[in-house]
Each structure stands twice: as C-alpha cells, then as structure tokens.
Amino acid sequence: MSAALEPDERPHPLDRFAILGVLAVAAVLRAFELGARSLWTDEGSTWTAASLPLRAMLRRCVERDASPPLFYLLTSWGLKFGDGEAQLRLVSFFASLALVWLTYRLGRLGLSRRRSAFAALLTALAPYQVMYAQEARTYTLAAALLVAGVWFYARASMSNRRSHWAGLALATALGAWTQTIALLGLSAQAALTLGTKSGRRRWLPWGLALAAGAVMYLPWAWYSRGVAEHLSSSHWYIPDPDARGVFKVLRAALLSPLPLVGAPEGSTMPGLDAFMPRALAWALVSLPIAIALFNGLPELAGRDGRGRLTRVAWAAWFVPVAAVFVLSFQRPLVLPRYFVFVTPAVSLLLTLGASALHPRPWRFVLGGWLAALAVLGLVRYHHDYTKEPWRDVTADIRARSAAGRTAVLVPFDVDPFAYYTRAVPQPVVSFEVSHPEEPFAAMFTPRQLDELQEAARRNAAPYDEVWVVVRSPNSDVRREVARRAEAVAGEGRALVERRRWDSLTGPLRVSRFVRGGFTPDSLR
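Going by the numbering used here, the first residue of the sequence shown is number 1397, and it counts up by one from there.
The reader is advised that the hints may include incorrect statements.
Unchecked claim - Ranges of calculated distance between the beta carbons of each label pair, as one might list FRET restraints:
| hint | residue 1 | residue 2 | range |
| --- | --- | --- | --- |
| 1 | His1779 | Ala1819 | 25 to 33 Å |
| 2 | Leu1696 | Ala1819 | 20 to 28 Å |
| 3 | Ala1617 | Leu1845 | 29 to 37 Å |
Keep in mind that the hints were calculated from the coordinates and are not lab data.
All values reported here derive from a predicted model rather than from experimental measurement.
No residue lacks a Cβ here, since even glycine has one placed at the ideal position from N, Cα and C.
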C-alpha cells in the first residue's frame, strides 16, 4: 500500500507543509536557552579541540579524545560566528533538526504525510533530543548520520538506485569520522539484510556500499592506528551493564532522561507522585508507550508500506541497543548519551501503533497523551537539568583572587576553566594535573604519577594561593591524582576553604589553600 493512500485518512492540501511547522517547533525548542547552561568538562574539551589549527586538532583527537575529528572540524566553523556557548553547540543543534527531518523521511516509507509529520513532532518534542541538541559533543551528529544511513539503506533496498547506495556509503563514512558508535547502524542494516526478502536480494550492493564507506574511513583508521588498542581506557567512567543502567537508557530513549514520576534530588518541582499514588503515576507515563508499541507489533508481518516501515523501525532501535548491551560485557558502553539515535525509530513505532487503534477517536487520545508526556519531560528538563557549574566556579575564583598571586590546579580537565578565562585581560593562571605521555588515567604507572605530582609542584610553587578544582573522581587512579594535587597545594599553605558545587551531571569539588602569613582578603 502506498504511504499516500492510507484508506482511513483523508489527505489535506496543507499536509505537505506540516513538516515545515514541525521543524519550526523543533528549532524554537532547541534554540531556547541554547547557551544558557555552563559548559561541562567534555564540552570544554570540544572547545579546546575546535580552537586548534588542523594539524594540532588531529593530533589531539588521537592523543587525548580518542575520537575522530569531523565533529570538531564542523564546530570550528561554527566558532567563526562567535565563541559563546551557543555557537559551540550549533553543530548539535542542526544535527538534531536533521533527526526530526529524517524521522519524517523514514515515515514516508509507509505513512502519509500527516502521520509522518506527527512522528517527526514526537522527535521534535522529545526531551532526550533537546538535551543533546544543546550539548557540544559528538552524540547528536553521530546519531543523525546513523539514522541517515538507515534511511539510505531502506530506500536502496527498495529502489536499488546507485544514488541511494552512494548515500549509504557516504553516511557510513561520515558517521565513522564522527564517532565509532555511529557504526551501530550497521547492525540494524545487517538484521534487515538477513531477515527480509528485499534485503537478501540486495546483499551484494549493500556490501559494496559498506566497502566504499570503509575505504573513505581508511585515512583516519591509519592515522589513529596507534591508539586503537587503548580505546577502552577512554570509557573508565562507564559502569558495567546492570538493570539500573539499562532502565536509565530505556527511560531516556522512550520517555525522558529525567524522572517524571519522582523529582530529581533537590528539585523544587514535584513529581507526579506528589499528586497521585506512585503506582498510578507509573501507569500514567508507561501505559501509552506500551499500548502504542504493542498495538503496532502485528504490522511486523505486513507486506505493505506500514509493514516495511515497522520492520525498519524495530531493527533501527532494538538491534543496536541489544548489540551495545552485549558488547558492554567487553567494553562498557551503556550510557544514555550513546543512544540519541533511538528516538526517530521509537517515534515512528509509537505513531504506527497509535494510528492502528480502533475506534478512531482513541488514536487522537493516545497521540495527545504521548505528546503531553513529551511536553512534561521538556518542562522537567528546563526546570531541573544542570551541567557542571564551571562558569560559576571560574567566576567565583576570579572575583576572590588576584592574578599573579593565585594559581588553579585542575586534575585532567582544565579546558572549561581555560574557556571561561579566555577573554579576561589578567586571568588567574591554571594548570592541568596530568601526564603528557599518557592521555588515559587508567594506564598511569607509579612513575608517571610521581612525575605529574612533581610537575604540579613546580607549577604551584611561585603562588601564595592555590585552588584545586576536581571533577567528581570516580576511579581509583583519578582519586589518587586529585589527592596528589591537593597535597601539592597544601605544601606551605593552609587549607582555608572547601566547597562542593552540585549539578545533575556531577559535582565540582573546590579547595582553597593560602600560604602562611597571608589571608584570603590580603590576596585580593
């Protein structure tokens, strides 16, 4: 059945313009407060990489970030319009809009314009999408390229056009040049190739398209070959997979990255359980999703456009998520931020299930319910979501310290502090406490720990006042480096202040040490 000829829906001349309205809504939601939140540690790293000359950027990607350079290169172009937080997040902003558009294009494989636009609206409203549209990291761009690859694959398996296979090759290569997590889309494509008749007919051109994508990725694979064996060390902060981690991923992808039933710790906005029994609140947020997903399951066996779309959508989210879970027993990967690509497929499945409800008025009830949950998640996100408060910490240190007499030691991650002092005429000097020979803390040897401590000692020696800013160290090695940084700051200086700056992305712990014979006020 053609997507444009669904028998229970009368087309309207304005249907073809509905997606434009959805894109406008998406743009407004993503632009709102785009630069309002402080950069957190990883975004500071993005700024550092994007601000470097090309050769230095490539070297940093290999030696520090363990990430390919495409995202940083695109971000560097965005910084030509200014270096504020909003400009730093422009690539993610536009990539998130692309995900909304791709939801619509995927929907047109089996749905009318109106229903495809509704699926795109669910993606536009998803708080999960808005959160990562406002983050200067690779996740949203990688997700957009992964979903683009799925769309090109679906179109190519239907049409066998060279242009679609070429698009698949390009999307695969660009995804790999952004973040290797984008290659998870290949698992969905493999499932469709093996599990569908049209896929099995196209296995050869699919393989050739992937080979072409691999050839385009070879330059970076060769350039970064020396660090590949240490990539797992860059995931030191990811816990092994457990029920709690899987629940957080599914809640973020299907509903909201922040709790809706209860309230996040410290929030002044009550959760739903403040107004009704907790079990009823859970039913209120989970039933519409469950109803829509299960109601659409019979479409998997369909031979029309809806059936084809259902198979593509299930493969596009379930197979990669399952693959990540399995891989995580070898290399931890279960983090919500790695699953931004899930939303378009889930939005399509929710739309397919809702549009199959009978009687017809229930479709509008369920569709409105799903949209209302997304809006509630957006309200929660804007009310409660905070990032590591580097902006406030930096401003506090600058306001209370004198340049030339004060230094700041930051274990591992000095980038956000440097960002917030970049335009200050006389900034407080800052030093990163790390080892130049080893980018991954998990690989530090005892000798390297001693050497980085000695380097920190030399850097801090001339200063009467030393601050230590520590990003929540959750590994033994990082805790040891933080301890050594504070030990250096305390040599000949007294600890006069400790403070913890909290946020939903983790705390910053700030310590202040002042040399004997001085007081904090005398150093201003």
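Here is what the structure says about each hint:
no.	hint	result
1	His1779 <-> Ala1819: 25 to 33 Å	holds (30 Å)
2	Leu1696 <-> Ala1819: 20 to 28 Å	violated (56 Å)
3	Ala1617 <-> Leu1845: 29 to 37 Å	holds (32 Å)
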